[in-house]
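**Student:** With the hints as constraints, model all of the structure from the sequences given.
Protein chains in written order, with our numbering: chain R, 1 to 346; chain L, 1001 to 1321; chain F, 2001 to 2203.
Do not rely on the hints blindly, as some may be mistaken.
[Claimed, not checked] Restricting the straight-line Cα-Cα distance to at most 27 Å, the calculated cross-link-like pairs of lysine-lysine (BS3-like) are:
1) Lys2149(F) to Lys49(R)
2) Lys2177(F) to Lys210(R)
3) Lys49(R) to Lys307(R)
4) Lys2177(F) to Lys1232(L)
5) Lys210(R) to Lys297(R)
6) Lys2019(F) to Lys317(R)
7) Lys2019(F) to Lys190(R)
8) Lys297(R) to Lys307(R)
9) Lys2149(F) to Lys1114(L)
10) Lys1232(L) to Lys190(R)
11) Lys317(R) to Lys2177(F)
12) Lys317(R) to Lys297(R)
13) Lys210(R) to Lys1304(L)
Everything labelled a hint here was simulated from the structure, so no lab data went into it.
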Amino acid sequence: MTIVFNDETFRGDYTFANSPSAVRRFPFPFNEDTYMYSVNIEPHTAGPKGSVYEFPIDIDEHYVADMRDRAITLREDPLRCQSLPHMITAEWDLLDLLMVSLAQSYPDLFTLTRDGDRWHWINRPLGLEQAFIFGDVATLPCPPMEYITRQCQGDFCLLDQRNGDLFVDSGMVTAQADWSLDFDIGMSFKEWHAPVPFAHEMGIFERAQKFLLNMQIGRPVRRLNWTMTVNPRLDTAPETYPLWGPDRGTVTPDNVGDKVHLRVELQALWRLPRSNAIVFSIRGYLIKVDEIATVPKWHRRLHRVLKTLPPEIAAYKGLTRYLDTTLDWLAVRDDGQPTSPGFGPD
Amino acid sequence: MTGALSLSVRVAETVDLAPDIRRIRLVSTAGDPLPLFSGGAHIVVSLPTAQGLIRNPYSLTSCPHDGTAYEICVQRSPSSRGGSAFVHDGLKAGDELDISYPVNLFAMDRRARKHLFIAGGIGITPFLAMMQQLALEGGTFELHYAMRSPDSGAARQDVEARYGAHRVRTYVSAHGRRIALADLLDGQPLGTHLYVCGPARLIDDVLLQAREAGWPDENVHCERFAAPPSGKPFLLDLARSGHRIEVGAHQSALEAIEAAGLEAPHLCRGGACGQCETAVVSCDGALEHHDHFLSPDERESGRKFMICISRIAGERLVLDL
Amino acid sequence: MLSPSILSRPVYPGLRVDKFARLNLILAEGDGAEAVLALSQTPDATCAFFARSLIFHCAVNAAERAILPALEALAPQALWSFPSAETTLVRLRGVLQTATMGTRILAAGTEPFIGQVVAEAAVFGVDPRSIITEHRGSTRRRVQCVHCKGMIENVTQNPVVCSHCGLSLFVRDHYSKRLGAFQGVCIDAEAPGHIPAAEELYP
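**Tutor:** Right under this line is the structure:
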């Protein structure tokens, strides 16, 4: 498969845009006209060809630019990638999972050859080649999780399972929706989810945690999460909030379509073999409201979801300052027609 | 979506390590690499015995990084319901079996500054994989291995040779040597994690002494190999599906459900993991809890039942299934 | 008393005796010494309990040192007095180097003090859950500025100015046991200059 990679930016001049095919395959997260939290986990099995679910790990036209942006974020703040020492086995598990998956799904782009523990990796889009000994940190230019996640879209967290609980003890987190790995690393499941409103009282996290504790090898799962961003900025970490926070006040009736973005996270989880840890991948997808407007059903639905969103959830997701302006813009083009059930465009 | 995935394997080799301990080597029938695993993991093996399909969990003793074959060690159980007897008498090289993917309910705490392993008899099995993993990946450990007679310790010579006398101590009770538990518990550096596996008496004793030596619960780990006990047969009514099932004397409720062609949530099949917890609708007698999962309050409430291992003193149990 | 607000905000259940502990490390900062005296009134806090306890008392002034005779009267295996939290932790670190399993840690005092004890012990493999804690005294907080990563000590107000980078920070209730600190996030990022008046929330 050939992918034409965009040359675009996720900061500064923000030249990011989706091609029509990227818009069509966008994982629109709403299957009805209102939104409330749910555990909404499903098996992470192969989806339709061309969709974001076709392969276990999805590479798209934004790959090269995305990785370039990650490298900038890490240069400015190395603490976005951290791993507690006992997680080294889980890091190797992750490298195994990602390299095998990428090489199997995109043989034109990635090649992995293995002779016992002598591995050879080729990443054509990024122009990288590496021979190394699996399990020997000294044979890679940097630790295994950092090495492979600098070549894979999405954030990754490794969760250590012990004492009937899960702990976020390792992660590469450069495109997060406003949470700090440096602050949260080491926290238990309930602790790192503490700031989320409502969900605890609804028992969402208790059910999710019980489910995750019993995840088994070979049975990955996935779910969707969403938020919104002003400008197609990947680095919306609390660390850099003074840089991107002000953008929330720059949304005007004229620029909603271009500036306001829906940001969807395809979250997938795997049980890892050698470490018994769980990897939590958070694969972000951005789409401008202008681009959403090219799909009438999505446009209508987004309007209705945002209109009925509880204010606490809107506040937690950081939408408050520009929500009304966005709603006004969306309202104009919502003709009141019914939307069909399901996520996909008509 | 219950339990682990399964795969098809072939018996590559059987070796009698001791009069009542047999090691089985399993390879994939399709010739693929087997899933790698973490030390302490077990597989559930479906054994086609004359009495019907018996599914028993066995700790993997092979190296977690080795996907070419799995090894398990099975001790002939005097009160065998047919599973271990089949492994010893009925299984031979070339036979095909269904097994589950590895499941780990006895994982190491990798933060440990030292791992202290206490094994009794066949309880050595999970530690064989753990030690291979630590030896490869790096980690400090010490094994104290108790057995009845010199040749009843399945892996004694192997572990002594591999890991050395500074890391392995064996205790043969026939020679009067027992683990000096109190001394052992008092001299460990802060940050040590203790793991015990073997006969119930050994586990209970170690847990009690560890607590009384001031070890916090979060540093003490055990795995119990509990097989479902036998008892009086009883009727099982599944309230939601309307099925009525007879649970035989030597059969657990879960096994009876499966024998009837139905499925119920489960994982470890040994009363430890909690996955099979089921709500009780009614019982005309007392619940006989044989698990290690429910709290004393939960047991007393009479509202929860672990179908993989518990029984009743009565005629009829109605479950919310 | 410190009330739980969000789930990452720790709760300090109060000192208690683990009668099986072979050695107790009792760390008391300021008013935390009174928690130790209160503990000594409970039935399990026997002479034998204190005979196998090392008491580390952090007392920053004469008023705090006044309680020393009462602590001495408990006849602990050792009683050490330190002029600051930092020096108390230096001694703790030294003791933990050679401590064995069966050693129980008890900590009473302000939240930042407890947090530093927990973080120090974690280095030696002690799980935070194994540590017995009680909050006493000021509710002042230790805050990590999420932007510059600087630690701000003795925070009693919200918002607070970062003593390292100068940003005005909202003090969240989100707490990290690893860092022993609450999270501070720039309060006027979206509307620069609009900073609410500081309230004395953690006296």
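**Student:** What are the numbers of the hints that this structure violates, sorted from low to high?
**Tutor:** Of the numbered hints given earlier, those the structure breaks are 1, 3, 4, 5, 6, 7, 9 and 10, listed in rising order.
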